[in-house]
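Novice: Residue numbers for the sequence shown follow this note's numbering, so the first one is 1 and each next one is one higher.
Derived lysine-lysine pairs resembling DSSO-like cross-links, with alpha carbons at most 27 Å apart: (1) K483 / K513; (2) K230 / K254; (3) K170 / K354; (4) K468 / K497; (5) K195 / K178; (6) K368 / K178; (7) K354 / K137; (8) K23 / K73; (9) K170 / K291; (10) K195 / K354; (11) K513 / K497; (12) K254 / K291; (13) K298 / K195; (14) K298 / K254; (15) K298 / K170; (16) K170 / K375; (17) K497 / K518; (18) K368 / K170; (19) K497 / K478; (20) K599 / K518; (21) K354 / K178.
FRET-style restraints, in silico, Cβ to Cβ: (22) K354 / K497: 41 to 47 Å; (23) K23 / E374: 33 to 39 Å; (24) D537 / D432: 19 to 25 Å; (25) A233 / G263: 18 to 24 Å.
No lab work stands behind these hints, which were simulated from the structure alone.
Please read these numbers as outputs of a predicted model, since none were measured by experiment.
Note that the Cβ used here is the ideal one computed from N, Cα and C, for glycine as well.
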Amino acid sequence: MPDDPADLVLKHALHNAASFGGKASSGAVMGKVLAERPDLKGDMRSVGGLVAQALARVNAMAPEEQKRLLTEKFSGFSEEREQAMEDRRKKDASGERELPALPGNTSEVRMRMAPYPSGPLHIGNARMAILNDEYVKRYGGRLTLFFDDTAGTEQTSVKTVTGTKDVAHKSILPEAYKLIPESLRWLGVAWHEEKYKSDRLELFYEHARRLIEAGNAYVCTCDGTEFRTKYKAPGIECPCRNVPVTEHLSRWQKMLDGTFRTGGAVVRLKSGMANKNPALRDHVIMRITEKEHPRVGKRYRVWPLLEFSWGIDDHLISSTHILRGADLVKEDWIEEIVWDFFGWQHAHFLHYGKFRLEEGQGMISKSKSKEMIEKGSFIGWDDPRTWSLQSLARRGIRPEAVRRFLLSFGMSIVDISVPPEVLYGMNREIIDPLASRYFFVAEPVELELSERVVGEAPLHPDFPERGKRSYDLPAGSKVMVEKEDITLFGEGPVRLKGMGAFALDGRRLSLSKEDSQKTIHFVPEGGSLRARVLMPDGVWAEGFAEAAARDVAARAESVGKDSAAKSGEEIVQFERFGFCRFDRRDQAEGFLEFWFAHK
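Produce the entire structure from the sequences given, and follow the hints as far as they go.
Specialist: Laid out in structure tokens, this is it:
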């Protein structure tokens, strides 16, 4: 492991570039560096500068030159990386990670969770909420639910390898103001107060003016593209920077009164045009947007960027510790610059890596989910494909399982990609004791019994006191089995689950003394219930459930929706199919509707 932080950063920049087509990513490099040297977290500004320098150097190299330098300068990198991965695997196998202690004074911990209300919280957002909740409960602190509902511009032009493109910003979804607290309560997250950025514009105006008056900010009327290319990239001060404060105050008033329109002027923080990190050079802190806001309408036309608003609000609400994604280190630096200009005490920043489900296992993009809902392709925000917390609850995923799942990653700084089966395994441990067993058959095929058959199956194999489902089927009666089982097993000996050994001949079942490992489940045709199960991919599996499953619906309906959800009354296991949650009784079509949780 290189002792010099600059060498460490260069090593990971070279490896990241070599692994991904010759272009290194700052977030990935930062995550690797801090995972290897956690002691560097105390000087994130310096590390960020080293990363920016290394990326500028490495990304300008040809891929062959990157690989050559990696091999020559860091010859032991492969072995070192493998050993680090092995150490990590051993650590992970030892059990759940403990959350590290909070740094600094913890006698009066003040923290905040700050969702942007573009939709309900999904499984990824839940990590932020749970980590804040756990720390506040550990230290007996206070937690603020702060809706981060500033209004941004409709779109921003960003540079790409092929030129520039317009990128649309997230928009506020009015329903999210209700959906977010709803899902937090489901998670068991408690907060002591609620605040809204959109209520605090006058505070941001006051502090922006103070910065302008002190010469620490200025109103820039340069074209945005011109500023980036002509001044920001080479680190040259623009003509606006040093005009008299009186002129800047006049321009500021024109931003507020409508003389300047969208894009006509911005307020820039004097973060330094010589800053080693180009992203921090005279950063924009206030800009004009004339779109309507769901809570305050068009009352305000100048809005803060998030970094500036947090620089103000984290001081005003006395935040002591701020949890933030490792890809948002720039926000730390802007906040610190603001605090320094005002002479305010710094809070402590703690970072964690990104979390995502493995590819193809779920949709986490709120903008994509919103698009699909508007098209009618999704049934709503609780559609299982959104992976919103509402959708998980409706599927029968327990909040205790979500909390345990996300806490198992601790405060790991590295990005995490994990299969949902890990969550399902934790949920299974919770719901398995609660779930009575029944049979459900999708795509049924009818088979005729050649003689009378009597049998029984427990409602739960581990709890015989719960009772049994009994079957007394006369000769000539019919049972429904899965078409897939018939296709898979064909004719010959089979075992009808709970009923014994049979011989299958065409579409007839006869009792047999020849046992078989080919087990199939069934639903008696007489008294069966039409049922359907909504699968995680949004497709309904339609078929029949045995008559005893009616008891689940009756119990859930008798205690009420909320009580049933808390007690697990709604959860069943359809044997050989999976765990499902009873959702509703469709009186019009005569269906019992269930939502699939997992195997």
